[in-house]
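> With chain A held as given, fit chain B onto it using these hints.
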Amino acid sequence: MSEHPALPVDPHLAVETDGTFAGLLCAYAETYRRGALPASVGLAGERASGTLFGDTLRVETEATVADRVERGLDRAVPGLVGRLRRAVLSERPGIEVAVLRLADAVRVEGKAVADDWTFEPAREVGRWAGRVGREAHRMEAFVRFEEHVADGVETWTATARPEYHVLPILHPHFEARYPTLAWRIVDARRGLALVHTPAPEREAGAPASRIVPAVTLGLADEAPDEAAYQTMWKAYFQAVTIPERRNLKLHLRHVPKRYWPYLTEKQPAVPLVASAAAPVPRAAVPASGPRPS
Amino acid sequence: MRRQVIEKLEILADAAKYDASCASSGGTRKNSPTGIGNSTGAGICHSYTEDGRCVSLLKVLFSNVCIYDCAYCVSRRSNEEVERVAFTVKEVVELTMGFYKRNYIEGLFLSSGIFGDADTTTEKLVAVARSLRHDHLFNGYIHLKVIPGASPELLTEAGRLADRLSVNVEIPSEAGLKQVAPEKDYHQVFAPMGHVRDRIDAAREERQKDRRAPRFAAGGQSTQLVIGATPETDRQILELTDGLYSEQKLRRVYFSGFVPLGGDDRVPDPESYRAPLHREHRLYQADWLLRKYGFDLDEVAPPGSANLDSDIDPKTAYALRFPTLFPVDVNTAPIEWLQRVPGLGIRSSKRIVAARRRGTVRWDDLRAMGVVMKRAQYFLTTPDHKPHLIGSDPGAVRRRIVGGKAEAPQLSLFAPAPLVMPAPLAKAAPLAKAA
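So the sequences go chain by chain: A and B.
The numbers in the first sequence follow our numbering, run straight up by one, and end at 293.
The numbers in the second sequence follow our numbering, run straight up by one, and end at 435.
One chain only, chain A, in its complex shape (with noise of 0.2 Å):
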């Protein structure tokens, strides 16, 4: 804990940045050397709304700089980098600055503040942490993978539409659990796509999956038996429901209508010999859900 008081927010201040995570880290350690925390953060190139007539602070990405602001929060608070991590992911508005203040107020007063609820920035990157974290889990429990095959070669490919930009957290889930197969999840309201190579086809040294515009994605035949195993999904989902119990009101809670489009048990139901036949197109997608306020 250090003996300096609590940065002051300078209402006129703004701060520009790459719009990485490392980034809004390296924003903090300025600000923290200028003595003040801006009032808003936006993405260099963008005019910071709400600051007309302020300064703007154009801060540049440095990996060692991040680093150290990095390894200063977790001793702090273990686990609070991947709040606010995941708080920044929402991408509302307005929380790369919750995420500065609560960085500051853990500087200043140690853990204690970063649980405290009743603290706004604390409770700002909690709620919105949770969301995305939320989000996340669903979407380790909601898509569903098809395979394709191209040249002999398959490739598993799910699309989802989520709410958060949750791909940049999808990877450690995915890789320990299909660490063989060459999988890709599409986020189709950003048009990204997380893309996983298996050990042996990948470089030395490269990541095991990246970020890609989904656009680069190539498009391959579907494998034979898939229309046969989604079929299959579809007669299970149907019999493990006890319609004496339905009740469609718990079911909507638990899977809301947004995600219905990408469910395989959600698509109207395929005749087995669909493999020959043409694929069946996929339901419209809906703009989207209830975006919370």
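Simulated from the structure, these hints should not be mistaken for lab results.
Certain hints may be false.
[Unchecked claim] Here are some chain A residues the structure puts well away from chain B; computed CB gaps all over 12 Å:
hint, residue
1, Val81
2, Glu91
3, Val97
4, Pro243
[Claimed, not checked] Per the computed footprint, the stretches of chain B lying under chain A, defined by three or more beta-carbons under 8 Å from a beta-carbon of chain A, are:
hint, region
5, 93-100
6, 328-339
7, 345-358
8, 361-373
Note that CB positions come from ideal geometry on N, CA and C, so glycine has one too.
Using the frame of chain A, we list chain B on its own:
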């Protein structure tokens, strides 16, 4: 060939659906670099049925051919309405792998009708698990049903391969069991359950000495009780549950509200299924208090009581039974006591404790923390909120919480509001511990 598998899948999943357990939690299993699957301890529900239950595992019977004739079971020998089929080992293995790779499931829950002797049946279940683990390097979750009477060798192998084993008690009293399943008795159930418990204990001890010692059902053991097929009360059911946790060291006891299957007059008629469903919900709430909140059986279901209060949750019922213990001061009460306040959960109790380290918690702070005050308001105090009603008129608190809900006819069975008990000495224990 596929069409045939689908038909079997429909029949054998339909027959397995009355088993409430679908958990993939409890044990962690790491994947190998060339394997497929893992289990992370928390479990994942990959979908939910239209009746709102978690779908985590491919839950099927290996076969629905059964030599027993249990009135509560759809696969009973005398039921002529179901077609009798059986999977092959290869079919179950391929279904599991195909579903798992598509991220439909966390693993397999394999049970079976008893189609020959116990070993013949068990050998098939073990063969499926063996093939998944060894031929396909599958490290996802496997839950196997223990068939009473199986040989120790097969049970050992089952425990090595599976994450969880279970034997279903099904009927919550031996007299009830005799009534609906005359060929069965409690010894058949509790002998294998005790055996599995001892093996789990032994394996755990071995692994403390040597980390490389083989594991045995690391996700523990569970069972299921059918609610409403036979006349046991909630108190009897919870007594049995409590004993299963303390003596058999079960990880989970599941409750399954009886769904009448028709055509068997040893069990209640099809009109009566709604009551068991509601009881199932209250029993799960009570079970939660026993397992997670440190409540004793007698606090949740007093000795001599029959069923749980159907209009209010068991924690509120407890608070109304012991009104002198409330209200609780959120700024001083130990966390164990905060968790006993109706409406406060484990998470909100932790938030209160975190907030009061830095200052006094007031009414608006509770709201900011996301505490739901609907019930909690009567049972806690802050410097700016001092409820009196619980001390002067607990019956009025009850009426307010139940609100406009029409009083169910069975309400008269339970002593309603005026049953007020003095704080027993045992209740002071959490306070003393924390002090």
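> Determine for every hint whether it applies to the structure shown.
Consistency of the hints with the structure:
1. Once the 12 Å rule is applied to beta carbons, A:Val81 is consistent with being away from chain B; the minimum gap is 18 Å.
2. Non-interface call for A:Glu91 relative to chain B: holds, since the shortest CB-CB distance, roughly 22 Å, exceeds 12 Å.
3. Against chain B, the non-interface label of A:Val97 holds: every CB pair exceeds 12 Å, the least being about 18 Å.
4. The Cβ of A:Pro243 sits about 8 Å from the closest Cβ of chain B, inside the 12 Å cut-off, so the non-interface label is violated.
5. For the region 93-100 of chain B, the stated coverage by chain A holds: 3 residues have a C-beta nearer than 8 Å to a C-beta of that chain, and at least 3 were required.
6. Proximity of the region 328-339 of chain B to chain A, defined as three or more residues with a beta carbon under 8 Å from a beta carbon of that chain, is not established by the 0 residues found.
7. Closer than 8 Å: that is the beta-carbon criterion, and the region 345-358 of chain B has 6 residues meeting it against chain A, so the requirement of 3 holds.
8. Residues of the region 361-373 of chain B lying with their CB closer than 8 Å to a CB of chain A number 5, which satisfies the three-residue condition for coverage.
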